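A.B. asks: First to last, the protein sequences are chains F and S.
Position one of the first sequence corresponds to residue 1 (the working numbering), numbered consecutively onward.
Position one of the second sequence corresponds to residue 1001 (the working numbering), numbered consecutively onward.
Keep in mind the hints are simulated off the structure, nothing from the lab.
Incorrect hints may have been included.
BS3-like mimics (lysine-lysine), calculated; alpha carbons at most 30 angstroms apart, straight line [stated by the list, open to error]:
#1 LYS16(F) to LYS1142(S)
#2 LYS1185(S) to LYS97(F)
#3 LYS1142(S) to LYS4(F)
#4 LYS1119(S) to LYS1142(S)
Values in this document were obtained by computation on a predicted structure and should not be read as measured data.
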Amino acid sequence: MQLKLVLESLLFSAQKPLAARELRELLIAAAEQESADENARLFRNVTEQEIGTALDELAREHELAQRSYRLVCIAGAWQFVTQPEYAPWVKVLVGVKPRPPRLSMPALETLAIVAYRQPITRAEIEQIRGVNVDGVMQTLIERGLIAQVGRADVVGRPVLYGTTDLFLEYFGLRSLDDLPAADELRRPLEQKTVEAAAQAGLATPPPEQLTRPEQGQPAQAQPQPVPENQSAPTQPAPETRRTGDST
Amino acid sequence: MMHGRAVHAAWAMTEYKVKFDVFEGPLDLLLYLIKKQEVDIYQVNLTELANQFIEYIELMRMLDLDIAGEFLVMAATLMYIKSRELLPTDQQATIEGEDQEPDPRWELIRKLVEYKKFKDAAAKLQELELQQENVFRRVAPKPELEVEMPPQKLDVSLFDLLSALNNVLKRLEARNDALDVTDEKCTVHEKMELLLRLVAERGVVRFSELFEPITSRAEVIVTFLALLELVRLKQLVAAQPVQFGEIQITRAPVQVVLQPSPDRTQTHATADDAHTEAAPAQHGQSITGDSNSFAQ
């Protein structure tokens, strides 16, 4: 009896997505049943990691088989979902999915900043977006996509915001690591002050190389033009971060 | 505070915002202008950018659009950058006397690059958002699928019914023997119609209620036979919600298949004639042999 197939049968019959922890509890409960046979007792001591590995493997198998549905883990809970290309038919069967209205571009931008840079204060978001975000933040909080996660340890102790599980569910993400280009946009965990100071702009050419209007020759004159879409870490100077709501 | 004016205005008057919506903030406008210049952000001509930016601000002012404070701050920054550019490098001296003052051009470009990245990330989130609208989760149905059928334990066996009938007859005897003089003739067919009407009116009828108004032993028997017949024809269902409790009569759930199933036709070839016949033995057999609701 293969663990992944046992798990598959459970997820197939489940009425809600199940986390590895819940699956483990089910396996243990099955093993402890009085009527449990040798097979049922096989997974008495299974760990969540083993379950996770088995499910990853199962998901890969489903993907390779190119079925019309796939096994996904959203916000830590495993479930079977249909592939989006079959929506025209599934929609007719189950009706249009009840979903809140789509988010506006400003809301998505703000949400992206919170998602990649959390925990983050409102002032920091405004610094990146260059506009006031009060209204947009209100919308995002009301929709339960972001929430207060603490307070920054700076003057005024401004509120820190982070994304919720609902955010992951709304976008069908397994975890925050699943965000597109997460490594590039995340706030660097530890800023090496010396290195940052030495490199000034890091991967970006230093200011001296900026084209001057007097020089006439723009683009080609650059010794090392860095394409904007390349991963130029936008590492801010350490002391300018976390200014908080100074008002 | 000028800061939040544009946003608040947006909440107050949506249609007003529509015109303004093209650029959410000054950084959006700058990115748009850079895109129009068709150059890399790092190679953009800032003086030209400053001129264009201020042109747009003027245009917005002309159209009497509510210009957010952020735009004016950005305009000021751009003017400062532009004025610095006019001086030779060695004279661009730090006005505040600070050596470490960051180059405002670099600051602006760094901001633009960072903002652009989040704009791209937002576009990716939007893609995911749209995709999720077309993804449907499998939800297994609840295990107790057969909600239409009465639960197993409610089933009443023929013996339960006979035992209930016996009680009725005993009660009748105890009540009054003398009353058993009337000679009302009633057929099983008539009683069947009566029972159907009663159940249709009341929904649920207790077994004992069926016999309450009856005073003759013969009528009890006929009523009972009518009940059996209706149960056999799957018109009525006899159920016992509590074990050894009162038997209740309800309408049978609507049958999806109207045609009798093959095995049923075999056992009851004369089902249609049953209305007119009332042989107890025959009914007894048919109930035990056929009806699901009598399954033990």
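A.B. asks: State the violated hints by number, sorted upward, taking the hints as numbered earlier in the document.
C.D. replies: 2, 4
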